[in-house]
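Let's have the full structure, built from the sequences with the hints guiding it.
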Amino acid sequence: MHVIARRTLCRFWARHPDAESSLRAWFAEATNAAWTTPQSIKGRYRSASFVGNDRVVFNICGDKYRLVVLVKYEFRTVYVRFIGTHAEYDKIDAEEI
Numbered sequence: 001m002h003v004i005a006r007r008t009l010c011r012f013w014a015r016h017p018d019a020e021s022s023l024r025a026w027f028a029e030a031t032n033a034a035w036t037t038p039q040s041i042k043g044r045y046r047s048a049s050f051v052g053n054d055r056v057v058f059n060i061c062g063d064k065y066r067l068v069v070l071v072k073y074e075f076r077t078v079y080v081r082f083i084g085t086h087a088e089y090d091k092i093d094a095e096e097i
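Note that our numbering has the sequence shown beginning at 1, numbered continuously upward.
No lab work stands behind these hints, which were simulated from the structure alone.
Keep in mind that the hints are not guaranteed to be accurate.
[To be verified] The calculated lysine-lysine pairs, modelled on DSS-like cross-linking and capped at a C-alpha distance of 30 Å, are: (1) K42 - K72; (2) K42 - K91; (3) K72 - K91; (4) K91 - K64; (5) K42 - K64.
Here is the structure:
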């Protein structure tokens, strides 16, 4: 998959160094993945949540942070839409961000 906005992840882990290894691992797996359906994501990430509008929420760093991505399966592209703490996540509409 082509992951758009790696810079967003880098900026986040600069502020939250404990998330760096988890985000690097997620990024490496996502770029090497061939997700064609939500089930192909769920097969690898059992805790991933599908919130509608092609958005997927991943738990990062032992569920300390939330990563919201938009997946365009037909284009093999993942767009990073949000990364933040649970409190920050609670303030957004994951389906629309």
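To see whether the hints hold, each was checked on the structure:
1. K42 - K72: Given pair K42, K72 holds - Cα atoms ~15 Å apart, limit 30 Å.
2. K42 - K91: holds, 25 Å
3. K72 - K91: Distance ~24 Å between K72 and K91 Cα, so the pair holds.
4. K91 - K64: holds, 16 Å
5. K42 - K64: holds, 19 Å
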